[in-house]
Each structure stands twice: as C-alpha cells, then as structure tokens.
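Q: Assemble the complex: chain A is given as a structure, and chain B must be docked to it using the hints.
There are 2 protein chains.
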Amino acid sequence: MKNAYEQLTEHFQKIGDLQHVYAITSWDEAAMMPSGGGEARGKALATLGVMIHELTVASEIGDWLDNCSNLDLDEWQAANLREIRREYDSATCLPSTLVRASSLAASNCEQAWRSGRENNDWDAMRPLLEEVVARARESAEVRSEKTGLSKYDSLLETFEPGMRSDRIDELFAGLKNFLPDFAEAVIAEQNKRETLSLGNHFPIDKQRELGLKVMKVLGFDFDHGRLDVSHHPFCGGVKEDVRITTRYTTKNFFESLMAVIHETGHAMYEQGRPEGWDGQPVGVARSMGVHESQSLMMEMQAGRSEEFIGFLAPLIREVFGVGNDDPAWSAQNLHQQYVRVENGLIRVDADEVTYPLHVILRYEIEKALIEGEIEVAHVPDIWDEKMMSYLKRDTRGDYKDGCLQDVHWHAGLFGYFPTYTLGAMMAAQQFAAAKSEMPDLLEQFGRGDVSGLLGWVRRNIHERASLYTVSDLMTQATGEDLNDEFFVNHLKARYLPS
Amino acid sequence: MKNAYEQLTEHFQKIGDLQHVYAITSWDEAAMMPSGGGEARGKALATLGVMIHELTVASEIGDWLDNCSNLDLDEWQAANLREIRREYDSATCLPSTLVRASSLAASNCEQAWRSGRENNDWDAMRPLLEEVVARARESAEVRSEKTGLSKYDSLLETFEPGMRSDRIDELFAGLKNFLPDFAEAVIAEQNKRETLSLGNHFPIDKQRELGLKVMKVLGFDFDHGRLDVSHHPFCGGVKEDVRITTRYTTKNFFESLMAVIHETGHAMYEQGRPEGWDGQPVGVARSMGVHESQSLMMEMQAGRSEEFIGFLAPLIREVFGVGNDDPAWSAQNLHQQYVRVENGLIRVDADEVTYPLHVILRYEIEKALIEGEIEVAHVPDIWDEKMMSYLKRDTRGDYKDGCLQDVHWHAGLFGYFPTYTLGAMMAAQQFAAAKSEMPDLLEQFGRGDVSGLLGWVRRNIHERASLYTVSDLMTQATGEDLNDEFFVNHLKARYLPS
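Chains as they are written, first to last, in the numbering used here: chain A, 5 to 502; chain B, 5 to 502.
Rather than coming from a laboratory, the hints here were simulated on the basis of the structure. One thing to keep in mind: the hints can contain errors.
Which copy is meant is left open, because identical chains are indistinguishable; a pair holds if it fits in one copy or across any two.
Here are the computed lysine-lysine pairs in the BS3-like style, where the Cα-Cα straight-line distance is at most 27 Å [stated by the list, open to error]:
#	residue 1	residue 2
1	Lys47	Lys18
2	Lys6	Lys47
3	Lys18	Lys6
4	Lys196	Lys180
5	Lys196	Lys496
6	Lys180	Lys390
7	Lys439	Lys217
8	Lys220	Lys439
9	Lys180	Lys404
10	Lys496	Lys396
This is chain A alone, in the form it adopts within the complex (with noise of 0.2 Å):
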C-alpha cells in the first residue's frame, strides 16, 4: 500500500510525462511546424493543457497532502511537498470560469497583436488589451485575497516566488538613479573610440557551426538537446532532451551567436537538474528570475568578458575563413562590438547596462495597472513620458517600437518582466561569489575552459533545483541575500573602468 507521499509523487510524474509531450510538441511548432499545421495544433495543444490542467487541480492531491503530515520526509521529500502545496494552491485558487475567461481573452489580443504590432494598429489592440487586464486584475484580487499579498505581489509570486514588489523597488531605486547617466557616460567613451566594420555578409551555415562550436565549449550535451531555428530564440524541451533555438540574419552573427550563449545557459541549468525527480516541483527551476541568472551568467558574464571574447575570436575567423592579421577581427574589436552601449527603443535589441530601463518602465507601468492606479489608455503617454526620462528617445505615436513592442502583456503575462533584471542581478551576484572562490574565473575562460564557472553553478544553483527559497537559494551560494551593487560593480568594471 502506498502512502500518501508516494500517491502524490506518482501523480505528478505522470503529470510531468504529460508536461513533455507538452513541451516537445510546443517546441515542434515553433521550430518545425508548417504554417498550415498552426490551427490543429492550437486545439490539440488546449486538449492537452486542459488535461494536464485537470490533473493539477485534482481534488485528490488535497486529500493527500492532508495525510502527509505526519510522514517521516526527508529535507528534498519536505521540499517537494512544499513545492506540490504551492502550485495545488496556485492552480485551484482560482475558478474555472475565470482560468477560461483570462485564456481566452489572452489568445485573442495575443493573435490580434502579431497585426496590430507590425500596423502599429493601438486603437485596434486597445479594447482587446483592457479586456485582458481585466481578466488580470480579476486574478489578482482573487490571489491577493487568498495569499494576503498586494494584488501585483500576487501574480509576481507565480513567476517569481517569495519576490514582492517592496523589495523590487529598493533594489531597482538603485539602477533607476545610476544607469541613465552612467549610460550616457558609457556612449560618450565608447564614441571616441573606432569600431570597425566586418562586413555584412555571413553565411548561415557558418554561423550554426560556430554555435555549435560554442555550445559545446560551454558544456552542453549534445546526447541531451539541439540546436533549431525559430522566429525568437528559447530554451524549451525536456531535462533530458533540451532544445535551444537561434535565429539568424546573413548581416551579421553577432545576435545568433548571443542568442545561441544565452539559450546554452538557460539550457545547462535544465540539463543540470537533479535525477530522480521527474514531474516532481522541488525537481525543476527554482524561478524565473534564477533562469534568467544563467542564461546570462554565460551570455553577459562570461560570453561577453573580455576574456572570452579574446578566446572566441581565432574561432571566429576559422569559421568564417579570415585572416589573423584582420584588424576588425582582432579580439579587441569583437569585444568592442559585444559591449556596445546604445539608448535604443526595443527591449530585445538592448545591451546589458540599457536594458534594466526597460525593465524598470514596463514593472512600473504593469504594477500600476494591475493596482488599478493608472487605464490602458494611459499606456502610450506613460510610456512615452518614461522613455524620454529614462532613455532619451521619443516614440510618441510609435506604438509598434513602444507599448506594442513586446507580446508579454497581451499573452496576459503580469508580474514577469522584472524577472529579467532579478536574473541580471542575480548573475552578477552569483560571477562575484564563483570568482571569490576562484579567482583566475576570467583567466580560466581566455583558455576556452568554462568548467570552473559551470562546476560552480552546477554545485550552488543548478543541482539545487527547488529545494531552497530564492533568498536562501542565493545566501547558501553567495553568502547574501540579493544586492544590488553587484550588477551595479559589474556594469562600472565593464563599460567605464577607471
């Protein structure tokens, strides 16, 4: 007979089993599909999530944790059962109708946006992006009555779990103050130096040999994953099956090549997650904003280093068939290429010190409108209004390249945009603490050897899964809770070192 913890873990391995064929057929339509397969694809995908859907609210996994009390767990076992209340809680706490409700009017403002965006259509997007936030602000007062957290805390904890906004505006007060001068101090060095051209025709196969190169400089299993094409880049698949895809321009390979580091990490915290856990929540990432940390712990912190770059660049000009002599292709000015400073309009497109402004205006619009403080229609005028303070530009009536640039909101996806630059922090914070413990990290990468670094996220972040809170996540591995001046002390060594 089996008890109470062992029927619930079988529950959610064959909900993970479920969550995989998920996950593959998903990355299949991003990176494979014909466009013709799209709308079979789109029902047989909602017949799915609404199954694995059903398993999860399932009123058994109740009655089970019930009679887990009194069992004799281990610390991962607690883990895992503290993990399965939070999600069970999370899933069931909102009802049916209003779960439809919010999909729905997601899907359709998400549809309507791949047009409205390119018609820079805000009139069209309007409406359907109001009824979407109303569906979030529906969700958020349901959650924040249940969890006691403000209505934006409530949909920021289910991306990023014992984060609250109290916190984020400390630690984003910061950057807010510093990277608009700091930025503009940056472009004004970087102007009165020559970056050379390297021309602007790449042929793509070079380009995936190099990523492949690359990937597997930086640890990736080959055995476990791929590397595909899609419109955006992601890290999608399974632990055991990871695929991470790129896009490419012949006009330069910069972006695939970034793009290609950047998926690679998020792919090894997936490849290098604990055994033995399939489908069970203490057994996957810890948040949002922990993934993002090693996406750009490889792309940012060591991808862009100096270091590495002066290691990347004989490998560069093999692929692509050019001399060592090449001034453009020195080492020097790849990396002058990779740490270009711009105040540009699109998310996306920005560097590492620009792209918290971007963050920080979107947390700032999001949590106002979910608070209930500001309408839909305001968007446009506070965006343009923040822009201008934060980063120079005007996009009054440029929709496309303003509030309409990102799908996030319209997909009805609240409280995750600060995730990003949580991770950007938390990857600064985690190089300090990998780089105390090892000092020569930087002279380790110049010789193409990321071991050293991978050995370190493998130990403090990757193998722990979700077995801590994020706080406690990052104090075992750095001895601190989240700070700041980390990223702050990176970006200054970086991009104006004295």
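A: Same frame as chain A, but now just chain B:
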C-alpha cells in the same frame, strides 16, 4: 442539450487531439530526438498512450452508441457510428491485464531485437518471441470468441477490416504459382542488357533537393507537411501536418528518391482525407492495405513507369550536374536501374516482382503460428525451406537476413504483412481503372503531370476515407472487388512485354 451522436463526436475529437500530439512526438522521436532523450520519451509516450486508451474504452461510449439508434443520421454520420462501434468493440474486447502483458512482452522483445538481429542471435530472441506469440495467441482467442472469426482473421481484422485469410489464400495462390518462374524469366531477360553504373558518390544535399522537387511534382502540400530523415522511412504526423522521412546513403540516390515517392503516396492520402472529421473514425484512412495502395500507386504505378522516369531524367541530371549526353544518365538506363529484379534476402530491399514472395512466406508462417499449427522453434527451418522454394536463396544459419530481419513479429504485429501485397494489388487495379478513364495517363506522366492520377485517387479513395468498407471502396472505384489479375498484368506488361 447535445444528443448522443454529438457527445460521441466531441469525445472522439478529444481523442483525436491527443493522437495529434502523440503522432508529432513519435515523429520527433524518430527524426529529431538525440539518443539520450529516449528513456524519458518512452515513459512520456507510454503515459499518453494509456490516457488515449482509457478514453477509447470509456464506458460512456457504449452508452452513447446505444442511444444513437433512433437518431436521424446522414450517410457519413452513420458510417462514423459504424466505425466508432468497430473501434470500441475492438478496443474493449481484450481484458486490460492481457493488453498490458502483450505490450510488455512486445516492448521487451522489440528492444532486444535491435541487438539480437545485429548479432544473428536466434537463441536469445527465441524465448522473447515465444512470449510475444503466446500473448498474441491469447488475444486472437479472445477476439475470435467475440467476433466468430478464425484466430488469425481476428488479428487481420484489426489491420484490414473485412479481409479474411480464405480470400487471401485465393489471391496469393495465383501469385505464388506465377511469380517464382516469372522472376527467373525477368532476371534472365534483364541479364541480356547491360545497365551502366552511375558512379557511387551522390551528395546528400543534392539528393534532398531532388526529393523535394519530386514531392512538389507529385502534389505534396508543403504548407501542411515536411520531409526529414529517419533510420527507416515512414509517413507520420497528422492530416494537417504530414511528416514524411527518407534516409540517405551517398552511394546511390535511387533508394532515397523512391522512398520519398513512396512516402509521398502515403502523404497524399493523409493530406487528401476529408475536412471536418477531426478525430472521427470515419475520417481516417480505410485500412493498411488501402494506405499501401496509395504509396505504391505513386512509387510503382507512376514513379517507376518509363514515362515518369523519362520526365525525371533531365531533372536528375540537372540536380547532380551531369551532361545530357552521358549514356549512363539516359532515361533508358535510369529506368533499367529502377525496374531491376533480383531474388534477394531482404524484404524491404525487394523489387515489386519478388516482394510478394517475401510477404507470402511471412503470411504463411504467421498464420500457422497464430493458429497453433507450428511453434516459434520451427520458424527458422520453415523460413529456410520457403526461401529456397520461393526465392531460391539459402538462409540456413543466417537469422539476421532470415526470420530476424523484420521488426513486426517482435513488436507483436501479426496479420500486418499481407496488407503490403494487398496494397500492391489494389494499386494495380485502381491504376487500371484510372487509365481506362484517362487513356493518356502515362503520357501525362511523361510531361511531369500527375494531376490526372491525383484527381482520380482524391475522388475515388482519399476523400472517401472510411465511408465504405474496403470491398465497397474498391468496387465503387474500379467496378469490381479486389482481383489479383490487374497486378499480374501490370507485372507482365512492365517486366516481360511481348
């Protein structure tokens, strides 16, 4: 309030959605998955398979079926009800303990077979195959009791509804008598002519380019499907997104190209099934034999005709960059390559003349096995004897190229083999009917125009899906029930024209 028929169709739509996800994930397993993902994938698909099975045997189906009796249904709905009844009876007639035991035995045997075949290790495979056969006999006995069919026929019914072994015996008797001497005569005749070698290096990207071009000529809709690579060529995916595969060797391009044409034939059937029957049993392909008739229609009837090869020859020369006056690359020499006959050991490598002999041998053995007339231990000797008699090849001690060469029995498939040759007969008969409607059909192929043939199979086969029984389908399409004469006449006309 939905009526019972509407409830049934809704239920089967849900099953169809899960089958969609299952099909795409299975395709991924064969065409995309890195080997390290296999174990987790196996578990995930097994879980999804069980969920699909549970939905297929749900007792509500029985209730709804009972409540449909006084509904006013049109021809397609009535046929759908008939097919639902057939599927439901077939799925529910076996006790679940037996389903599980069969699945386990087949899974063990199939996995061992991969190395067992490689190592020519009959002693290792025998006990595993005995277990599979024991379970298949049990299933046949239960099915036989419920259906009143013979044991073997009750298994055959699951692949080729309405077909009986008495009828197969009749159909195969003529072939068994005719083919061995005919093959001898063809081989002797072919040996009089020299066939020129085309060399042995054909780049894979060129072969793929050629395959894609020919798929386009055959009418494959790339907005609803793809071509990829797998260990064994197959046609998978779903109607709205058909995934076909081939395999490449640089040594020749014949095999990959004909595999592409063959699988494209299967794909055209899938892409041509009627709209609006998502997940409904009446909307799927009629039988394995009919499916094979569509692949062989493209591969054998059209693809290897002198006229079509005449059209292909300049295309092939262009893709491989060969001059138009090289005699090895002439239409005539290419055609000779494509109609070469040989008494080989391996079914999947066999030409269309000797293929039925491979099938008849397997059919006779599997029928005797299921009816309990022989035991697994006898299989190698009987195999050797029949190979010598039908194909004049000695297989003694060569299990690898003998009774271990095919996965079917090891995977628990009994009653499947005859459908290959039933399909060849159906294809010849359908082609003769199409040609009598369009006397210039072959000339059309010479211009690369397959639209006449495609229109005929669309109207007469594809769009009818499972509306009729196989027998009625053939009669409606060709004016008579299945008749082996058309296939024999086709072989005579192509291989020994007087």
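Q: The structure should be examined with respect to each hint, and the outcome stated for every one.
A: Results of checking the hints against the structure:
{"no.": "1", "hint": "Lys47 - Lys18", "result": "both (21 Å within a copy, 9 Å between copies)"}
{"no.": "2", "hint": "Lys6 - Lys47", "result": "between (36 Å within a copy, 21 Å between copies)"}
{"no.": "3", "hint": "Lys18 - Lys6", "result": "within (16 Å within a copy, 32 Å between copies)"}
{"no.": "4", "hint": "Lys196 - Lys180", "result": "within (26 Å within a copy, 87 Å between copies)"}
{"no.": "5", "hint": "Lys196 - Lys496", "result": "within (18 Å within a copy, 84 Å between copies)"}
{"no.": "6", "hint": "Lys180 - Lys390", "result": "within (11 Å within a copy, 84 Å between copies)"}
{"no.": "7", "hint": "Lys439 - Lys217", "result": "within (25 Å within a copy, 56 Å between copies)"}
{"no.": "8", "hint": "Lys220 - Lys439", "result": "within (22 Å within a copy, 57 Å between copies)"}
{"no.": "9", "hint": "Lys180 - Lys404", "result": "within (24 Å within a copy, 71 Å between copies)"}
{"no.": "10", "hint": "Lys496 - Lys396", "result": "within (21 Å within a copy, 82 Å between copies)"}
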